[in-house]
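K.L.:
Chain residues, written in single-letter form:
There are 2 protein chains.
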Amino acid sequence: MRTAEPASPQPRPLGARQTKGEETRAAILDAALRHASTHGYEALTIGVLAEKMGMSKSGLFAHFGSKEDLQIATLDEAARRYTAVGFIPALAAPRGLKRVRALFTLWLEWTERSELAACPIMAASAEYSHRPGPMRDTVEEHVRRLHLEIMKAVEMAVATGELAPDTQPDQVAFEAFGIIASCYQARYLFHDPRANARALNAFERLVASHQVPPTR
Amino acid sequence: MRTAEPASPQPRPLGARQTKGEETRAAILDAALRHASTHGYEALTIGVLAEKMGMSKSGLFAHFGSKEDLQIATLDEAARRYTAVGFIPALAAPRGLKRVRALFTLWLEWTERSELAACPIMAASAEYSHRPGPMRDTVEEHVRRLHLEIMKAVEMAVATGELAPDTQPDQVAFEAFGIIASCYQARYLFHDPRANARALNAFERLVASHQVPPTR
Chain S
1 MRTAEPASPQ PRPLGARQTK GEETRAAILD AALRHASTHG YEALTIGVLA
51 EKMGMSKSGL FAHFGSKEDL QIATLDEAAR RYTAVGFIPA LAAPRGLKRV
101 RALFTLWLEW TERSELAACP IMAASAEYSH RPGPMRDTVE EHVRRLHLEI
151 MKAVEMAVAT GELAPDTQPD QVAFEAFGII ASCYQARYLF HDPRANARAL
201 NAFERLVASH QVPPTR
Chain Y
1 MRTAEPASPQ PRPLGARQTK GEETRAAILD AALRHASTHG YEALTIGVLA
51 EKMGMSKSGL FAHFGSKEDL QIATLDEAAR RYTAVGFIPA LAAPRGLKRV
101 RALFTLWLEW TERSELAACP IMAASAEYSH RPGPMRDTVE EHVRRLHLEI
151 MKAVEMAVAT GELAPDTQPD QVAFEAFGII ASCYQARYLF HDPRANARAL
201 NAFERLVASH QVPPTR
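Which chain is which? The protein sequence lines are S and Y, in order. Numbering of the first sequence is given in the working numbering, commencing with residue 1 and proceeding in unit increments. Numbering of the second sequence is given in the working numbering, commencing with residue 1 and proceeding in unit increments.
Bear in mind the hints are in silico, worked out from the structure with no lab data behind them. Please note: incorrect hints may appear among the correct ones.
Intra- or inter-copy, both count: the list cannot distinguish identical chains.
[Stated by the list, open to error] No farther apart than 25 Å at their CA atoms in a straight line, the calculated lysine to aspartate or glutamate pairs in the DMTMM-like style are these: (1) Lys52 / Glu204; (2) Lys20 / Glu68; (3) Lys52 / Glu42; (4) Lys52 / Glu162; (5) Lys98 / Asp76; (6) Lys67 / Glu42; (7) Lys57 / Glu204; (8) Lys152 / Asp192; (9) Lys98 / Glu77; (10) Lys152 / Glu22; (11) Lys67 / Asp170; (12) Lys57 / Glu23; (13) Lys67 / Glu162; (14) Lys52 / Glu140; (15) Lys98 / Glu149; (16) Lys57 / Asp69; (17) Lys20 / Glu204; (18) Lys152 / Glu42; (19) Lys152 / Glu23.
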């Protein structure tokens, strides 16, 4: 049974509807991000997400056309949050060693600040390094960008004279990444309460070894 | 149709049959190891392995009772190979810095020496850190053992006087792991031809910073 005619419908508030849709999309991405951080992105199916959200699969499909679109949007959301929480605030520190240090400490803390149980970007790197395709391309792009930003900050610390002129920014970025990776292993595999302290020690040693003029 | 009776069967050569069984098991584990290194251990189903081996699922079940048994046996096989290729040969180096260096360089090279496209232990660590259960326990045990062996080698290098007395072996192991992790990312995500060179640079800097007497 259906009513003969809709009773003089109000014009749809288009702006408001869009906001509601954006809200739903954001809520789906938040759930997806939490799930992918610890379970990986292959476990991120439209079905699993629909159940988590109490939505129909078709409702979810309206926001993300395919599993791959959902995976990529989730990874992009991870990068967006890292940028907001870990990168932008570091730019408030003055150029030079202070900014390098701010970048590192915020990187170390960003998952906690984002209330994530693990790093969704590192998870994607582990899962897709050996699988060519859009997910691999996306994670490579995000990680490369972070490497470049660290290199840029290190270059500025060389320019301010705080780091030695022969400092190799790409080597520092390589080592900084390793410290973060080891910190994650200490945190998540060993449940080591000193994981962050070890990472900060390692970082200060890394910086100190570039402050000392090289002996040749 | 079946023959009425087997024609005077030879007594089964039990020893040979066992060897054949062991060979099959080893071949399955080899295929499993290659698959898990790049695709992860959840992708390691009895079905996938049976297809790879051209065996029936029940034939595979005769060797590994369950998917989990197969996963654990594969991870144990990874640790066994690492020990054979990366650890035992390092013990030929004299105690002290030479052994620390041998441990590190063989660690860096072990996947290549084992003809593996990636590290199956690091893969397990990424996949199971957040999933309590036997796989998580197994990978934690293997990684802890490696950390302890590195710490022991560092302690001996302190005892020989090659490293400074205030060297913290657990911190060195933490940082060495990070260098390896960053090397894997450079190799597999960035296809960086200088990945190993960067790792060796980082390791030499790590060693050098512990050879210098601390300034207090």
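K.L.:
All hints are to be evaluated individually against the structure, with a verdict given for each.
P.N.:
Going through the hints against the structure:
1. In the homo-oligomer, the alpha carbons of Lys52 and Glu204 never lie at most 25 Å apart, since the shortest distance is 42 Å inside one protomer and 48 Å across protomers.
2. Taking identical chains as interchangeable, the C-alpha atoms of Lys20 and Glu68 lie at most 25 Å apart only when both belong to the same chain, with a minimum of 23 Å there against 44 Å between chains.
3. Taking identical chains as interchangeable, the C-alpha atoms of Lys52 and Glu42 lie at most 25 Å apart whether they share a chain (16 Å) or sit on different chains (21 Å).
4. For the identical chains of this complex, Lys52 and Glu162 are neighbours neither inside a copy (50 Å) nor across copies (56 Å), given an alpha-carbon limit of 25 Å.
5. For the identical chains of this complex, Lys98 and Asp76 are neighbours neither inside a copy (28 Å) nor across copies (45 Å), given an alpha-carbon limit of 25 Å.
6. In this assembly of identical chains, Lys67 and Glu42 lie within 25 Å of each other by CA distance both inside one copy and across copies; the values are 9 Å within and 18 Å between.
7. Proximity of Lys57 and Glu204 under a CA criterion of 25 Å is satisfied in neither setting, with 49 Å inside one chain copy and 54 Å between copies.
8. For the identical chains of this complex, Lys152 and Asp192 are inter-copy neighbours only, at 19 Å across copies versus 32 Å inside a copy, given an alpha-carbon limit of 25 Å.
9. Taking CA atoms no more than 25 Å apart as the test, Lys98 paired with Glu77 passes in neither setting, with 27 Å inside one copy and 46 Å between copies.
10. Proximity of Lys152 to Glu22 under the C-alpha cut-off of 25 Å is found in neither arrangement, the shortest distances being 34 Å within a copy and 55 Å between copies.
11. In this assembly of identical chains, the alpha carbons of Lys67 and Asp170 never lie at most 25 Å apart, being 35 Å within a copy and 42 Å across copies at closest.
12. In the homo-oligomer, the alpha carbons of Lys57 and Glu23 lie at most 25 Å apart inside one protomer (17 Å), although the nearest pairing across protomers, at 47 Å, exceeds that limit.
13. Taking the shortest alpha-carbon separations for Lys67 and Glu162, neither the intra-copy value of 47 Å nor the inter-copy value of 55 Å comes in at or below 25 Å.
14. When the C-alpha separation of Lys52 and Glu140 is checked against a cutoff of 25 Å, the pair qualifies neither within a copy, at 29 Å, nor between copies, at 30 Å.
15. Proximity of Lys98 to Glu149 under the C-alpha cut-off of 25 Å is restricted to the intra-copy arrangement: shortest distance 14 Å within a copy versus 36 Å between copies.
16. Proximity of Lys57 and Asp69 under a CA criterion of 25 Å is satisfied intra-copy only: 14 Å inside one chain copy versus 34 Å between copies.
17. Proximity of Lys20 and Glu204 under a CA criterion of 25 Å is satisfied in neither setting, with 46 Å inside one chain copy and 55 Å between copies.
18. Taking CA atoms no more than 25 Å apart as the test, Lys152 paired with Glu42 passes in neither setting, with 34 Å inside one copy and 39 Å between copies.
19. For the homomeric pair Lys152 and Glu23, neither the shortest alpha-carbon distance inside one copy (35 Å) nor that between copies (54 Å) is at most 25 Å.
Checked against the numbered hints above, the structure violates hints 1, 4, 5, 7, 9, 10, 11, 13, 14, 17, 18, 19; every other hint is satisfied.
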